[in-house]
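Engineer: Residues per chain, in single letters:
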Amino acid sequence: MSDGAPLPSLRFRDDEPADEPAVSLDAFLDQPEAVSVRIEGGDDVRRLAPVLDRLRLVEVDFPRFRDGRGYSSARILREMGYHGELKAVGDVLVDQLLFMRRCGFDSFAPDGPIDTATALRALNHFDFVYQQATDARVPVWKLRHG
Amino acid sequence: MYRYDQYDQAIVDARVEEFRDQVARRIAGEMTDDQFKPLRLKNGLYLQLHAYMLRVAIPYGTVNSRQLRVLAHIARTYDRGYGHFTTRQNIQFNWIKLEDTPDILAELAKVEMHAIQTSGESIRNISADQFAGAAADEVCDPRPWAELIRQFTTFHPEFSYLPRKFKIGLTASDNDRAAIKLHDVGLQVLRGSDGEFGFRVYVGGGMGRTPFVAHLIRDYLPAASICSYLEAILRVWNRNGRRDNIHKQRIKILVHDLGAEEFTRQVEEEFAAIQPLGDDIPLAEYERIAAYFVPPPFEQDLSDALDLSDPRFAAWVERNVHAHKQPGYAITTISLKPIGGIPGDVSADQIDLLADLAEQYSFDELRPTHAQNVVLPHVRKADLYAIWQQLEAAGLATANLDLISEMIVCPGLDYCSLANARSIPVAQKIAERFADPARQLDVGELKLKISGCINACGHHHVGHIGILGVDRKGTENFQLLLGGSGAEDATLAKIVGPGFTEDGVVDAVERAVEKYREIRQPGERFLDTYRRVGVEPFKEAIYV
Amino acid sequence: MKLLTGNNLTEGYVIWWTGDGWSRHVEEAIDVDDKAEQLAQTEAAACRVNNPYVVEAEPGPNGPVPLHIKERIRATGPTVRPDLLLQPADKSAGSYVI
Chain A
1 MSDGAPLPSL RFRDDEPADE PAVSLDAFLD QPEAVSVRIE GGDDVRRLAP VLDRLRLVEV
61 DFPRFRDGRG YSSARILREM GYHGELKAVG DVLVDQLLFM RRCGFDSFAP DGPIDTATAL
121 RALNHFDFVY QQATDARVPV WKLRHG
Chain B
1 MYRYDQYDQA IVDARVEEFR DQVARRIAGE MTDDQFKPLR LKNGLYLQLH AYMLRVAIPY
61 GTVNSRQLRV LAHIARTYDR GYGHFTTRQN IQFNWIKLED TPDILAELAK VEMHAIQTSG
121 ESIRNISADQ FAGAAADEVC DPRPWAELIR QFTTFHPEFS YLPRKFKIGL TASDNDRAAI
181 KLHDVGLQVL RGSDGEFGFR VYVGGGMGRT PFVAHLIRDY LPAASICSYL EAILRVWNRN
241 GRRDNIHKQR IKILVHDLGA EEFTRQVEEE FAAIQPLGDD IPLAEYERIA AYFVPPPFEQ
301 DLSDALDLSD PRFAAWVERN VHAHKQPGYA ITTISLKPIG GIPGDVSADQ IDLLADLAEQ
361 YSFDELRPTH AQNVVLPHVR KADLYAIWQQ LEAAGLATAN LDLISEMIVC PGLDYCSLAN
421 ARSIPVAQKI AERFADPARQ LDVGELKLKI SGCINACGHH HVGHIGILGV DRKGTENFQL
481 LLGGSGAEDA TLAKIVGPGF TEDGVVDAVE RAVEKYREIR QPGERFLDTY RRVGVEPFKE
541 AIYV
Chain C
1 MKLLTGNNLT EGYVIWWTGD GWSRHVEEAI DVDDKAEQLA QTEAAACRVN NPYVVEAEPG
61 PNGPVPLHIK ERIRATGPTV RPDLLLQPAD KSAGSYVI
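Heads up: the protein sequence lines correspond to chains A, B and C, in order. Just so you know, the first sequence maps onto residues 1 to 146 in this note's numbering. Just so you know, the second sequence maps onto residues 1 to 544 in this note's numbering. Just so you know, the third sequence maps onto residues 1 to 98 in this note's numbering.
Each hint should be verified, as a subset may be incorrect.
[What the hints assert, rightly or not] Per the computed footprint, the stretches of chain C lying under chain B, defined by three or more beta-carbons under 8 Å from a beta-carbon of chain B, are:
hint: 1; region: 2-14
hint: 2; region: 17-31
hint: 3; region: 41-55
hint: 4; region: 79-85
[Claimed, not checked] Cut-off 25 Å, straight-line C-alpha distance, at most; resulting in silico cross-link-like pairs (DMTMM-like, lysine to aspartate or glutamate):
hint: 5; chain 1: B; residue 1: Lys473; chain 2: C; residue 2: Glu43
hint: 6; chain 1: A; residue 1: Lys142; chain 2: B; residue 2: Asp13
hint: 7; chain 1: B; residue 1: Lys473; chain 2: B; residue 2: Glu518
[As the list claims (entries may be wrong)] Now the in silico label distances, taken between C-beta atoms and shown as ranges:
hint: 8; chain 1: B; residue 1: Ala273; chain 2: A; residue 2: Ala109; range: 22 to 32 Å
hint: 9; chain 1: C; residue 1: Gly60; chain 2: B; residue 2: Asp503; range: 21 to 31 Å
hint: 10; chain 1: A; residue 1: Gly112; chain 2: B; residue 2: Arg66; range: 35 to 45 Å
hint: 11; chain 1: C; residue 1: Pro61; chain 2: A; residue 2: Glu40; range: 50 to 60 Å
hint: 12; chain 1: C; residue 1: Thr10; chain 2: B; residue 2: Ala393; range: 54 to 64 Å
Source of the hints: derived by calculation from the structure; they are not laboratory data. Since the structure is predicted, the reported quantities are computational estimates derived from the model, not experimental observations. C-beta: ideal position from N, C-alpha, C; glycine also.
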């Protein structure tokens, strides 16, 4: 976690955050100078495929914490080769951070404050994972078979 | 059966500690019920009418004696002396305290058990044919695939906040004993023309308010791609499933709204994108798991002879015992539907007996079924009589498998906060009406299923006779349905007409049965006669 | 009359608002009138109740009787297990049946 990261947001990147405000997906595709986009629940992130190179920040909104569409959006972006900042915003709860990290999110700006100590506990509960995902964690089946 | 390695154990242990932490935060008021609810549901903990209810996973319906004894211990120590086997092969306890749950999960973890994803909007327990490894009509034992899929779908980071629950069922036989076509995803294991394993894939089945029979979307999927194909299905649904009306969010609704063809197209497109990424669990892992499911050391050259001179024993063998692929062995279904009892319920003492029987007589395996019974899969015929005697002494020898008194019944309004009507008393009255064993045998196979509300946990949509309890202006009322089937010939039952009182529906069932007896042709079950003549003759008889 | 009910947070059993606390016995419940929402919020925030809600009831010989069968079952226990009722009809009723 980068030093001095202000609560309630959490960031797991070393680079400087993009400081342009995120625009909507339609606006982003229309504005060749934009570098930050905000993805709503129903947006199709594959529309960003041709413009990944200029993308520095993707904010994915979680309108309600039960709405899991953003996890797929994040993973698809990483699968497409996006390496920029991927930020989860909205109704994000501490118990979701691990899943979100595994789907490729590397920063968080939740509506409600997240206690750092609880966040770290939540992120470190599990030493092992069953699936290969977008993060670097090695799935158990790989550990078993090398 | 599968045994945990260090990784499986570490994951389950970590889950216990995570939940312990979450419970502590809830009790300290750091989380609202709204925030805590999805977390406790992901650990199988419901808040029901009278107390918390804990649903313990029995993956693909396989459990051993050591585990059963812990379940009995939990029933005694933390609950009120009994448990209930469910329609997804799990077991649930009705009187649990939130503050005890972390300790209960810790005790379960010690015997390789958990309550992970048994409720909530998760990928639920993977169900499988209860005769796996014992029936002659299967291509292979489907359970190694079920275990592989279980691991793949446990804490899947992309699919832990789905629009609704998601149920996967497996069979490896053309005779579908696992009702796979009533699952969100149903998988039939096949052998391809190259001799390799593959799956026939069905999507979009389910009961509930809007029942559907699943659509076949892939005739043959090479088994090596099952994980990425499941990801494709889940991702299409996770992205496009409705999120605005909880009653319209299952994948079956999306399949229906898009049409099977368009849905399939989207899945195949997503699969083409995902499959090259290397997420699939390799066949080496399948083989590692499959090594736990090799046939047990059957004795060879055993006799198939059976002394049936005791008529009560003979009646039980006739109904509850099935042929095993190994000569001299048999598959034994233990009915948990005694006349006047509570379907699927077992006392702690009975669970201990089941543990002893499994350990002594069935290579230490017991198989809960989706019909709320349990199976001893590998019993020597020579041992059947001794087993039956012990079952008799414990009230577990009811010889009624697939007869009218052997019903699937949800807990209903006696236990469930979702229910509109009580289902268990209706079941008891019907069973008592037909208590005479000779009468039941004369009626023959009749799968009766009762749900206490429209959520259909009693599977009334696929009963030969189905009963649905509703709330009519504050009083319980019961609708009668006919002609459903949950097997490979899956069909949805149809309502026959206006509803009945509790006593009225018992009479209505009897009139329907008597009509069947009146017009049946030789060899016809109730369902066959209904399919031949249609609903009208029954309707006339019922609403006389 | 309106009763406020819910479940005890840590143990899960059914509880009814009595005016100065929570009881397991619906006979002790009072009419919460229009105070329900405020009460529910305060008590839930203090973790003294889980999932509180209002229930219609009528006065009975021993105290309030919920109008809806579901709430009557919550108040007394599962009708098919007389031994497990809040006031067991017959303590040994269940032990031989299953």
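Engineer: If a hint holds in the structure, say so; if it does not, say that too.
Structural biologist: Tested hints:
no.: 1; hint: 2-14; result: holds (count 7)
no.: 2; hint: 17-31; result: violated (count 0)
no.: 3; hint: 41-55; result: holds (count 6)
no.: 4; hint: 79-85; result: holds (count 4)
no.: 5; hint: Lys473(B) with Glu43(C); result: 31 Å, violated
no.: 6; hint: Lys142(A) with Asp13(B); result: 20 Å, holds
no.: 7; hint: Lys473(B) with Glu518(B); result: 36 Å, violated
no.: 8; hint: Ala273(B) with Ala109(A): 22 to 32 Å; result: 29 Å, holds
no.: 9; hint: Gly60(C) with Asp503(B): 21 to 31 Å; result: 26 Å, holds
no.: 10; hint: Gly112(A) with Arg66(B): 35 to 45 Å; result: 44 Å, holds
no.: 11; hint: Pro61(C) with Glu40(A): 50 to 60 Å; result: 58 Å, holds
no.: 12; hint: Thr10(C) with Ala393(B): 54 to 64 Å; result: 39 Å, violated
Of the hints listed earlier, those the structure fails to meet are numbers 2, 5, 7 and 12, in rising order.
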